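2 protein chains.
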Amino acid sequence: MRTKFAVRTLDITAGVSVVILNEEEATENDIFAGDRLIVDNGGKQAVVTVDVSKTIVKRGEIVLFADVAEKIGAKQGDMLTLAQTGHPASIEFIKKKMDGGILQENEIDTIISELMENKLTDMELASFITSLYIRGLNTEETVALTKAIVNSGQTLDLGVHPVVDKHCTGGVAGNRTTMLIVPIVAAAGLYIPKTSSRSITSASGTADTMEVLANVDLTLEEMKRIVLKTHGCIAWGGGMNLASADDRLIKIRHPMRLDPKGVMVASVLAKKKAVGAEFVAIDIPVGRGAKITSMDLANELAREFVVISAKLGMKSEIFITYGRDPVGCGIGPALECRDVLEALQGRGPADLVQKSCKLAGAILEMGGKAESGRGYAIALQLLQNGKAYEKMKEIIEMQGGNPNVKPDDLPIGQYREQFYAQEDGRIHLVDNRAVNRIARAAGAPKSKGSGMILYVESGDKVKKGQLLFEIVSESETKLSFASELAKDINPIELEAVILGKMGETGVFEWKPETAR
Amino acid sequence: MRTKFAVRTLDITAGVSVVILNEEEATENDIFAGDRLIVDNGGKQAVVTVDVSKTIVKRGEIVLFADVAEKIGAKQGDMLTLAQTGHPASIEFIKKKMDGGILQENEIDTIISELMENKLTDMELASFITSLYIRGLNTEETVALTKAIVNSGQTLDLGVHPVVDKHCTGGVAGNRTTMLIVPIVAAAGLYIPKTSSRSITSASGTADTMEVLANVDLTLEEMKRIVLKTHGCIAWGGGMNLASADDRLIKIRHPMRLDPKGVMVASVLAKKKAVGAEFVAIDIPVGRGAKITSMDLANELAREFVVISAKLGMKSEIFITYGRDPVGCGIGPALECRDVLEALQGRGPADLVQKSCKLAGAILEMGGKAESGRGYAIALQLLQNGKAYEKMKEIIEMQGGNPNVKPDDLPIGQYREQFYAQEDGRIHLVDNRAVNRIARAAGAPKSKGSGMILYVESGDKVKKGQLLFEIVSESETKLSFASELAKDINPIELEAVILGKMGETGVFEWKPETAR
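Sequences listed follow chains A and B, in order.
The first sequence begins at 9 in this note's numbering and counts up by one.
The second sequence begins at 9 in this note's numbering and counts up by one.
Incorrect hints may appear among the rest.
Because identical chains share one entry, a pair is satisfied inside a single copy or across any pair of copies.
As the list claims (entries may be wrong) - Dumping the calculated DSS-like pairs for lysine-lysine here, alpha-carbon to alpha-carbon at most 25 Å: (1) Lys103 x Lys495; (2) Lys12 x Lys454; (3) Lys103 x Lys259; (4) Lys103 x Lys299; (5) Lys401 x Lys237.
Treat the hints as calculated values from the structure; they're not laboratory data.
Predicted model only: the values in this text are computed from it and were never measured.
Construct all of the structure, not just a fragment, from the sequences and the given hints.
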């Protein structure tokens with residue numbers, strides 16, 4: 009059997025590790041499409057899945073997709089060695105979990121290591137996640153999984169104390185508390201090396217929003233230098249190789265919408281542990297449109313966060329918050345930044361300010377910068393006396409942005425459409441999911457200046473013809489898409505007086521907005 | 009957003025349905041690697057997964073892998089429409105099963121339909137199979153799954169009675185009973201439209217072995233014509249689109265080695281129901297190296313086969329057989345054919361003849377061609393009086409082979425190595441898995457004349473220097489690979505007199521062959 013093949017590269021980022029062999033030659037060697045082999049480029053190895061082709065690959069040649077070529081540093085014309093791969097040890101442990109067994113620490117370590125070495129297929133990982141969802145993880149398993157995820161990537165050791173962090177389980181539009189909490193607690197003298205994510209399905213992630221003001225794509229070394237100098241930063245977590253296994257697990261969990269509780273807890277806490285956090289505040293918004301919709305699940309999650317944090321040597325406080333409505337007025341990167349900058353100057357949306365100061369206050373108390381019960385007041389004071397704003401300017405400058413940017417300087421889309429109340433009433437709901445969809449249709453988060461402005465919130469009394477919200481876009485076409493969508497999936501519901509009616513059908517017809 | 013794209017085809021059979029878009033253009037349209045979209049070529053649709061590339065795809069272009077292009081009949085330069093796909097309805101039902109629910113018939117139908125329409129990803133299917141493995145299927149679910157699999161493909165209606173069939177769960181090397189049972193029961197006047205599989209991991213499948221004598225790649229129409237004329241055939245099932253969903257489920261189950269009981273039962277019985285079988289004999293070999301290794305599982309499976317068959321209007325009899333040793337002497341397509349032709353002429357390995365006649369006898373009794381308790385004797389008689397051989401010649405001729413082929417005419421590899429007993433003793437085990445691996449290393453099943461010849465079986469007393477087995481290959485290189493492997497994983501174990509010894513380590517050391 010031939011074991012050396014000449015590399016031809018193909019510029020396709022396939023997401024999966026695929027190589028292509030000549031079909032005839034592969035068959036002769038008992039290799040078939042879907043088989044898993046090891047490619048070795050002078051010691052740099054990857055586990056790959058085989059594709060075959062009759063014509064595009066000649067005998068003696070191997071075609072590599074871009075991601076595989078990069079992983080093993082292979083260039084056009086290199087000679088690669090191809091070898092059979094053994095059965096990954098993880099399969100047995102995944103099967104054990106499937107059968108209801110309890111996984112030992114070394115078994116979980118093996119699964120995460122083999123995941124990182126690309127030895128497991130997406131199908132095997134899907135099977136693992138499904139098994140964890142059905143069978144659950146006990147405390148020891150969750151702790152072991154968290155540690156394994158921490159060990160799968162780089163870690164940050166600032167060498168100073170106390171290091172604090174915060175997290176939000178997500179789903180609430182406009183919820184940019186991080187951009188107030190970081191400067192508040194940093195101004196108080198705590199260290200907060202905050203990493204945030206970019207949006208996947210929402211109008212903007214904290215990293216997308218912060219990017220309007222500064223560079224968020226930092227290396228771990230840059231983050232360390234900035235935090236040691238200014239006590240805080242707001243960086244994009246995806247580029248830093250912290251808790252790397254988590255990024256791969258998310259690729260499986262996300263498309264299947266599968267979030268086993270223990271995996272969610274391990275995923276969050278591993279990211280905190282990896283940056284050396286000692287005190288952590290976790291925000292769990294609960295309500296329709298938020299990621300967590302049931303109070304029972306929020307309670308269970310909260311308990312797990314507390315217990316597992318303690319086992320990892322961190323102290324966490326968990327806050328279940330009202331997640332049914334968006335926070336702030338602007339939705340979309342630049343519009344959210346405008347709210348944040350206003351708030352840092354003592355103005356800004358009341359809900360955003362209050363929620364951020366509550367969470368920041370809890371962190372100040374845990375970190376020893378406020379007596380019990382005084383955290384909120386101190387946080388609010390740091391916001392009102394301009395110290396948080398000064399701190400934010402330092403952070404923006406250290407991250408390569410313009411510290412003197414004013415809210416009105418931020419480029420906001422020029423194409424706009426306003427929506428008005430059709431009748432008198434009280435606002436029943438501002439729907440997070442609808443708001444996110446409309447803002448995305450308008451171009452957010454890629455188009456920084458696009459999104460929505462909300463002029464009302466739940467409970468407000470409105471008159472017919474009163475302005476409810478405005479869609480903002482940098483593209484005329486996208487504005488018209490978003491406006492059509494807003495007419496279709498009305499994001500703001502008035503409280504219904506008549507809840508339903510029964511006509512000649514004899515069936516009670518609910519008004520669509522209440523039946524949704 | 010652009011919705012029309014010009015096709016460029018790429019000759020790669022990716023196994024998964026992937027298209028490649030220009031990265032920049034995709035990003036502008038909020039499409040990312042891994043997203044699922046529908047491509048439409050004038051009404052012919054497929055659900056595809058998106059890849060992106062910076063350079064090989066121009067804006068306005070879409071690159072299709074060979075399998076996708078074929079599926080929707082797209083050619084270079086065609087204009088395709090790209091559309092968002094909704095969330096497949098199956099996801100909710102897969103989640104229901106995950107959560108421990110019982111699936112209704114229409115829910116199972118939806119999953120199998122969406123599977124056939126390529127609307128489900130491999131990850132979603134892996135999650136489904138994992139859920140079925142953990143949660144199990146009740147009788148109604150298994151019946152519904154079987155029916156859905158039958159309906160996913162073509163079916164055979166011979167219009168004659170009685171139609172019979174047989175199945176073996178597999179794993180036993182050389183177990184070519186089908187090639188004796190089919191001519192025996194056909195000679196007795198029953199109709200047996202037998203479809204068999206090719207080998208995946210064993211030395212040979214029945215279809216691989218029959219292919220030495222005749223063409224096995226028949227259409228459903230050809231099979232119908234042959235069976236109506238001769239009462240029997242031995243065809244490859246993979247080319248006929250019978251119970252098609254099963255082939256796709258196997259693609260998921262096989263690499264994960266996941267065989268939920270209900271799915272295994274549905275898979276087997278759907279193939280029988282699809283050819284219109286009324287009476288079915290099922291052989292479950294149990295033992296080390298066989299597919300089913302535990303008697304408990306064999307018992308459970310047997311019960312399910314009986315119950316589910318009845319619900320589908322078939323009568324099944326289940327035989328748990330000794331599966332620890334290979335059957336017959338030859339291992340590999342041509343060598344197994346030699347055993348079969350010898351047996352049809354009243355000679356041949358005793359174990360092969362006996363097992364085949366026991367199973368054929370049961371079918372004769374179910375099908376009304378033998379009184380209760382007389383089936384075995386009649387089957388043996390049909391073999392000994394040459395009627396089964398005459399029938400086999402008819403079948404071979406109808407399937408385009410040479411009916412007059414003699415055992416010695418079959419081309420057997422010229423490269424051979426013999427292996428001898430190292431000491432006196434009694435044969436303890438002939439290891440199915442080792443035998444399969446060695447025969448495959450020698451070239452089977454692709455190389456028809458390669459494999460092994462076994463000269464002893466379990467229980468035989470042997471003298472030092474006595475011939476145990478011989479490796480046969482059509483390639484000198486492969487012979488040497490196979491010989492090395494045979495020395496490494498000795499396929500024939502002598503009964504150990506000393507089971508283990510304790511030395512100065514104070515630990516009892518088991519002899520490797522007994523500890524295996």
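Status of the hints after comparison with the structure:
no.	hint	in the structure
1	Lys103 x Lys495	neither (49 Å within a copy, 32 Å between copies)
2	Lys12 x Lys454	between (44 Å within a copy, 23 Å between copies)
3	Lys103 x Lys259	both (21 Å within a copy, 18 Å between copies)
4	Lys103 x Lys299	between (30 Å within a copy, 17 Å between copies)
5	Lys401 x Lys237	within (13 Å within a copy, 89 Å between copies)
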